[in-house]
Amino acid sequence: PRVTGHVVYRAVVEKADFPEDLRWNAASLWAGPKCHLVHYPLRGGEQYNVVVTFHSRQPEQWGVTDGSKEEVESYFQGICPRARQLIELPKTWKRWATADREPIDTWVFGRATLLGDAAHPTTQYMAQGACMAMEDAVTLGEALRVCDKDWDAALQLYQQSRVTRTARIVLSGREMGRLYHAVGVERLVRNSLWKGRSQERFYDAMEWLYSWRVENCLDSTPAPA
Numbered sequence: 014p015r016v017t018g019h020v021v022y023r024a025v026v027e028k029a030d031f032p033e034d035l036r037w038n039a040a041s042l043w044a045g046p047k048c049h050l051v052h053y054p055l056r057g058g059e060q061y062n063v064v065v066t067f068h069s070r071q072p073e074q075w076g077v078t079d080g081s082k083e084e085v086e087s088y089f090q091g092i093c094p095r096a097r098q099l100i101e102l103p104k105t106w107k108r109w110a111t112a113d114r115e116p117i118d119t120w121v122f123g124r125a126t127l128l129g130d131a132a133h134p135t136t137q138y139m140a141q142g143a144c145m146a147m148e149d150a151v152t153l154g155e156a157l158r159v160c161d162k163d164w165d166a167a168l169q170l171y172q173q174s175r176v177t178r179t180a181r182i183v184l185s186g187r188e189m190g191r192l193y194h195a196v197g198v199e200r201l202v203r204n205s206l207w208k209g210r211s212q213e214r215f216y217d218a219m220e221w222l223y224s225w226r227v228e229n230c231l232d233s234t235p236a237p238a
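All residue numbers for the sequence shown refer to our numbering, where the first residue is 14 and numbers rise by one.
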């Protein structure tokens, strides 16, 4: 694995404890230099997930541990008060030191194949880790059906159908992390581009990601950017 140096903290906050003016029915992101914060409703708005990410100042090893409120606050001292109140809410945090891996083009080894994170571990920036594993499983099932249980042919078809898409997720995740955490002039360029972009253009930019359909899952032609 490639340890990214990016650390993710996650916590769940009850609705009663969540700021009323931030109870938005949407995933909301606050971006800053080398850090960002995300929050969104759970369980029909009865709870809110709070997720913060920052570039660690120390060497990291992949893993999940209990988090430290003091560490979170030390990385978000300069953020605006409205966003800062969110990191003061959780009573406990879970801490993830994240990792991904360079994309590979061989998943099949004899009668065995890789699937999900075993094939394409990725960062959280595209929010697609579990989704890609489910797509893999569906595609493998479809390949077995189409190949009439010819395992060798099915595994090759599965691999051919999934490598490009999942590699794009991994590489796009890295770029999204760079955009979220931009500093200096790069941050100014990002802000200028995003400020003038319509909601429809944001949706269009993600069409390749969300237009995946079971009936087309064995088509290995990459979707346009």
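One should not assume that every hint holds.
[To be verified] Below, a list of computed lysine to aspartate or glutamate pairs in the EDC-like style, where the Cα atoms sit at most 16 Å apart:
no.	residue 1	residue 2
1	K104	E83
2	K47	D232
3	K82	E59
4	K107	E86
5	K104	E199
6	K104	D118
7	K47	E101
8	K28	E59
9	K107	E84
10	K107	D79
11	K104	D30
12	K104	E84
13	K107	D130
14	K104	D130
15	K47	D161
16	K28	E101
17	K47	E86
In case anyone wonders, no lab produced these hints; they're calculated from the structure.
Results of checking the hints against the structure:
Between the alpha carbons of K104 and E83 the distance comes to roughly 12 Å, so the proposed pair stays at or under 16 Å and holds. Under the criterion of a C-alpha separation no larger than 16 Å, the hint pairing K47 with D232 is inconsistent with the structure, at around 37 Å. A C-alpha spacing of about 23 Å is found between K82 and E59, which places the hinted pair above 16 Å, so the restraint is violated. Restraint check for K107 and E86: the C-alpha separation of about 14 Å stays at or below 16 Å, so the hint holds.
For the hint linking K104 to E199, the alpha-carbon distance of about 35 Å lies beyond 16 Å, and the restraint is violated. Proposed proximity of K104 and D118 is contradicted: the alpha carbons are some 43 Å apart, above 16 Å. Between K47 and E101, the direct Cα distance comes to roughly 19 Å. Violation of the 16 Å bound is thereby established for this hinted pair. As the CA atoms of K28 and E59 are separated by approximately 5 Å, the hinted pair is consistent with the 16 Å bound.
For the hint pairing K107 with E84, the CA-to-CA distance comes to about 12 Å; that is within 16 Å, so the pair holds. Between K107 and D79 the alpha-carbon distance is near 5 Å, which keeps this suggested pair within the 16 Å criterion. Taking the CA atoms of K104 and D30, the gap is near 11 Å; set against the 16 Å cutoff, the hint holds. For the given pair, K104 sits about 14 Å from E84 by alpha-carbon distance, which is consistent with the 16 Å threshold.
Between K107 and D130, the direct Cα distance comes to roughly 20 Å. Violation of the 16 Å bound is thereby established for this hinted pair. For the hint pairing K104 with D130, the CA-to-CA distance comes to about 30 Å; that exceeds 16 Å, so the pair is violated. At roughly 50 Å between alpha-carbon atoms, K47 and D161 are farther apart than 16 Å, so this suggested pair is violated. The suggested pairing of K28 with E101 holds, with an alpha-carbon distance near 15 Å, which does not exceed 16 Å.
Using a Cα cut-off of 16 Å, the hinted pair K47 and E86 holds, with the two alpha carbons roughly 14 Å apart.
Hints 2, 3, 5, 6, 7, 13, 14, 15 from the earlier list are contradicted by this structure; the remaining hints agree with it.
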